[in-house]
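Protein chains in written order, with the UniProt record's numbering: chain A, 1 to 432; chain B, 1 to 432.
Hints are computed from structural coordinates only; laboratory data are not their basis.
There could be a bad hint or two in this list.
[What the hints assert, rightly or not] Residues from chain B that keep clear of chain A, each with C-beta distances beyond 12 Å, as calculated:
#1 93
#2 171
#3 272
#4 327
[Stated by the list, open to error] Here are the simulated BS3-like cross-link-like pairs (lysine-lysine), alpha carbons at most 30 Å apart as the crow flies:
#5 A:6 to B:191
#6 A:89 to B:6
#7 B:6 to B:95
#8 B:191 to A:52
Here a beta-carbon is modelled for each residue, glycine too, at the ideal position from N, C-alpha and C.
Protein chains: 2
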Amino acid sequence: MYDRIKGFRDFYPGEMTARRDTIDTLEDTAQRYGFREIGTPALERAELWTDKSGDDIVDELYSFEDQGGRHVTLTPELTPTVARMVVAKQQELSKPIKWVSTRPFWRYEQVQQGRQREFYQTNVDIFGSSDPEADAEILAWAGDALTNLGLTDEHFEFRISHRDILGGVLESYDADLEIDEAIRAVDKSDKLSTPEYHDALVEAGLTYDQAAEFDDLIAGGDLEDVAAFADSERVDDAVSNLQNVLEAAEDFGAREHCTISLETARGLDYYTGVVFECFDSTGEVSRSIFGGGRYDDLIESFGGQPTPAVGVAPGHATLSLLCQRAGVWPEEEVSTDYYVLQIGDTRPEAARISRDLRERGHVVETDVAGRSFGAQLNYADSINAETVVIAGEQDLENDEVTIKNMESGDQTQVPVEEFPGDLERPTISDFE
Amino acid sequence: MYDRIKGFRDFYPGEMTARRDTIDTLEDTAQRYGFREIGTPALERAELWTDKSGDDIVDELYSFEDQGGRHVTLTPELTPTVARMVVAKQQELSKPIKWVSTRPFWRYEQVQQGRQREFYQTNVDIFGSSDPEADAEILAWAGDALTNLGLTDEHFEFRISHRDILGGVLESYDADLEIDEAIRAVDKSDKLSTPEYHDALVEAGLTYDQAAEFDDLIAGGDLEDVAAFADSERVDDAVSNLQNVLEAAEDFGAREHCTISLETARGLDYYTGVVFECFDSTGEVSRSIFGGGRYDDLIESFGGQPTPAVGVAPGHATLSLLCQRAGVWPEEEVSTDYYVLQIGDTRPEAARISRDLRERGHVVETDVAGRSFGAQLNYADSINAETVVIAGEQDLENDEVTIKNMESGDQTQVPVEEFPGDLERPTISDFE
């Protein structure tokens, strides 16, 4: 007997039903916004990551040499791939480019709750607009998608900031400050006690007084205070851009989901402007559910023309944790409209009924294993059949079949030529 | 600039639209038959293939050692994975188990038309029934799926046989015959001239007379002749099983797609019973479109209880070649219901209209890039917008918007409060 690899999941039909519902909701919402589905390779040249990314992601790559001697990797995220695709067709593609896709990615990480080595994301990106409306549309999609899953503002919030606010405020201190290290400290601050957090800031080059002042200012989250404190064009621009994005989000119906949270830094990724993270409002799911933001420099760094970009990529593992916590995760059960049960040699009639019902779009099973009445009824129950159509030899001699409602157990006989007849979705109530 | 890896495809939105339509049709058809979607890992332990499979597939594996020292491989096919999954939960799963999934697989092969190194298949399998109805249901699903794609019997045929017919007939010759080699010759026979084919059979151990006789018998495809010639229980059973499958296929509406073709061997795979391949009826697409069959021994060889199984896995590359040849491949174009065009500062109203239309389920885009009237109209055209709703500052001062049909170019002004008002899918004809 073989086992599956650690960090990789098998999804059996019940759980898969709930996941498919969730994926469909995200994709359907994206489609309504005019995001277009793309298909992308599972393997890329490893250089897409080793040339530019931080060591963390490079250490986690499933990379190897293929039989043609290429250094390739299973893709740990989508962004470099879509950047490559934009560059490859930048003349032909009409802008803004709005893409969506759902697929697995792979990272050799520590396996824990909500984090597997194979994980699924729905990536949603806009290329070719630097306007705040593009950032706001990403927020609006994310808000609508979560709302369409049954979540409300009681369940989630988007914590939003701008990369240049933290950077610009830190810049206004001594030039000796290690800004990247300070940003990393802010990024981790919710996992640290206040003294630990201040220590980390001091480590980066602030005095203890400055650390306390900085902490107050950032935790306060008042954009005007921050702009006044930094007194720099960089922070003024960032504040004004963030305000414009929030105004556009107001028009797009997403403002209510957003809380200004200047601690939100999104690590030291390729982000360049507005960044945001989705959190469980109750804090019960402690890690961020997903994050996104603006990355205006990536396409150019991939050899393309300067092309602003903004995107978000909900991961389905953390999203399912949030939905389960909020009580809106779909039932992990398959559903079946009809089971057509055969007693004796009634296959031709059972097959005819099954085909007629399938043509109407229903989920219909019939016996393909020569099983007894009881075994078939058990099976129908196991697949949650709503209605069982019993095609028995004796009934059929009288040109009848029996319709059984599996919830109530009620059943009735109906003329076989009336089933399904002209009815789109016949149930027992049509014949009582 | 980075390039993608040879044998791997990027699918941009136009082509992806056609592929998604095709995948949806196959999956929707499977769902109506009660096949349940599963989700499966991209990586498995390489032993799932190296322990049992032929050298061909092992040579083509994208396998490597992961950071935990496991010898892993990108999966080249689904069957061993589903076999592993059935074994892992064989007590819990109610039988018959009917599963479907669509995903990529990977083989390091020669790249050619219809064959990439990353390729997509829809796998459909039934576990736990040895009855002919299970084989017939697989054929019925495949037939319905192709029919739902717009294909007819003029476009495709299923060539069907039983593994034991070829094997059993060959067994009836001298014991010196290399049966596997002879089956391999039959499998390649459509690519060989008659003398070459007979040479190959002679190579395997037949005399020239026997080769000619065998060729006649198999090409004739008459089940009774074959049974009489072999005069063995093995061939009698195989013939009778094949006849039973075809009878069930008659009831299930799939008989008309099937042609008995005793050359159909499906190589030396794990198949044990009925096997079939789908071909282009005109022969224009020369390779088989896809194949399938019964593999009753696999689950047991994976350490499970004996569990009969039958399945099929259409590959989307060859299927698209057939659909294109037959003229039924979907348009490779995105579609858009509405583009809401902004002139001046009309974002709030444009956003309100967009949201109202999206709530009705439509595909709606609006400007997120601050573009001019002309640029927006060009963009609307590039995404095949059916209707453009023009929200202009002047119109809105009169509480009006302009509705433009992009095909006819006709346009009319409508009161903004009536758009979309109570209409589910307002078009210009609602206001003329």
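* Evaluate the condition: distance from the CB of residue 327 (chain B) to the nearest CB of chain A exceeds 12 Å. => holds, 23 Å
- Task: Run the C-beta distances from residue 171 (chain B) to all of chain A and say if the shortest one exceeds 12 Å.
- Result: Holds, because the least Cβ-Cβ distance between residue 171 (chain B) and chain A comes to about 29 Å, which exceeds 12 Å.
Q | Restraint status (C-alpha distance of residue 191 (chain B) to residue 52 (chain A) at most 30 Å) | A | violated, 49 Å
Restraint status (C-alpha distance of residue 6 (chain B) to residue 95 (chain B) at most 30 Å): violated, 42 Å
Would the hint linking residue 89 (chain A) and residue 6 (chain B) be met if the CA-CA limit is 30 Å? holds, 17 Å
Taking the minimum C-beta separation from residue 272 (chain B) to chain A, is that value above 12 Å? At roughly 17 Å from the nearest Cβ of chain A, residue 272 (chain B) sits farther out than 12 Å, so the non-interface label holds.
Next on the checklist: Minimum C-beta separation from residue 93 (chain B) to chain A exceeding 12 Å: can you confirm that?
Outcome noted: Violated, since 8 Å does not exceed 12 Å.
Original post:
For the pair supplied as a hint, residue 6 (chain A) and residue 191 (chain B), is the alpha-carbon distance within the 30 Å limit?
Top reply: violated, 44 Å
Violated hints, in rising order: 1, 5, 7 and 8; the structure is consistent with all others.
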